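Here the sequence shown is numbered in this note's numbering, starting from 232 and rising by one per residue.
Keep in mind the hints are simulated off the structure, nothing from the lab.
Some hints here could point you the wrong way.
For each label pair, taking beta carbons as the anchor points, the in silico distance ranges come out as [unchecked claim]:
# : residue 1 : residue 2 : range
1 : Thr283    : Leu411    : 13 to 23 Å
2 : Asp370    : Arg274    : 33 to 43 Å
3 : Glu289    : Ala323    : 21 to 31 Å
4 : Arg360    : Gly419    : 16 to 26 Å
For clarity, every value in this text was computed on a predicted model and none was experimentally measured.
Beta carbons: idealized from backbone N, C-alpha and C, even for Gly.
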Amino acid sequence: SGLALGIDGAAHRGALEAGGGGGAPPIAVVASGLDVVYPKRHRALWERVAETGLLLSESPLGVQPAAWRFPARNRIIAGLADVVVVVESAAAGGALHTVDEALRRDRPVLAVPGPVTSAASVGTNRLLREVAAPACDADDVLVALGLSPGATRTARDRRPPPDPVGAVVLDALGWTPASLGELVRRSGRPPGTVALALTLLETDGWVATSGGWYERRRQEGA
Numbered sequence: 232s233g234l235a236l237g238i239d240g241a242a243h244r245g246a247l248e249a250g251g252g253g254g255a256p257p258i259a260v261v262a263s264g265l266d267v268v269y270p271k272r273h274r275a276l277w278e279r280v281a282e283t284g285l286l287l288s289e290s291p292l293g294v295q296p297a298a299w300r301f302p303a304r305n306r307i308i309a310g311l312a313d314v315v316v317v318v319e320s321a322a323a324g325g326a327l328h329t330v331d332e333a334l335r336r337d338r339p340v341l342a343v344p345g346p347v348t349s350a351a352s353v354g355t356n357r358l359l360r361e362v363a364a365p366a367c368d369a370d371d372v373l374v375a376l377g378l379s380p381g382a383t384r385t386a387r388d389r390r391p392p393p394d395p396v397g398a399v400v401l402d403a404l405g406w407t408p409a410s411l412g413e414l415v416r417r418s419g420r421p422p423g424t425v426a427l428a429l430t431l432l433e434t435d436g437w438v439a440t441s442g443g444w445y446e447r448r449r450q451e452g453a
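Construct the complete structure from the given sequences, taking the supplied hints into account.
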């Protein structure tokens with residue numbers, strides 16, 4: 232995906248979490264030089280993808296993102312993908328550029344059905360009517376990839392979801408033990424804010440601490 236805000240970021244976080252269980256590493260195709268973090272609030276996620284997966288750009292170092300670079304970036308995403316899944320899209324969303332490139336390359340396209348009253352689902356519902364297969368659950372994607380349905384299904388995580396700050400700190404932690412100072416640096420948040428978030432994450436079972444080091448805990452039974 233493209234490491235943008237919203238679904239792009241969620242996709243990369245999901246890939247990173249799956250990677251902790253032996254899944255494929257995430258690949259992010261960006262519309263700037265590799266040394267220009269965009270959007271800036273994704274710095275911690277950017278660094279995690281770079282550490283565990285791949286950051287890819289056709290732009291030279293130092294190049295700032297520009298509007299025309301995003302559709303150009305999307306053609307690379309379509310070229311790399313075995314299947315393109317559109318979770319949400321407005322009537323003229325950027326994801327539709329990726330779909331056009333995917334169809335040009337005979338890649339399967341799936342779309343998640345959404346409420347007909349939602350502007351964020353206008354594009355996906357139109358794709359379902361015209362060119363896309365429905366992606367109602369993970370099995371639909373596995374089938375499109377030629378894999379066995381249910382092969383990667385696990386029990387639902389019963390831990391309370393982290394709050395927004397906790398999610399940032401959890402992203403910064405990844406799957407490698409880190410100190411409070413390191414997490415402050417990665418997340419860009421004040422020490423007190425990070426310390427409080429870690430306390431809540433530990434209480435809810437997301438993080439364990441030992442000797443001043445914090446480590447992410449896996450889902451029980453996973």
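Hints, one by one, checked against the model:
no., hint, verdict
1, Thr283 / Leu411: 13 to 23 Å, "holds, 22 Å"
2, Asp370 / Arg274: 33 to 43 Å, "holds, 34 Å"
3, Glu289 / Ala323: 21 to 31 Å, "holds, 24 Å"
4, Arg360 / Gly419: 16 to 26 Å, "violated, 43 Å"
Checked against the numbered hints above, the structure violates only hint 4.
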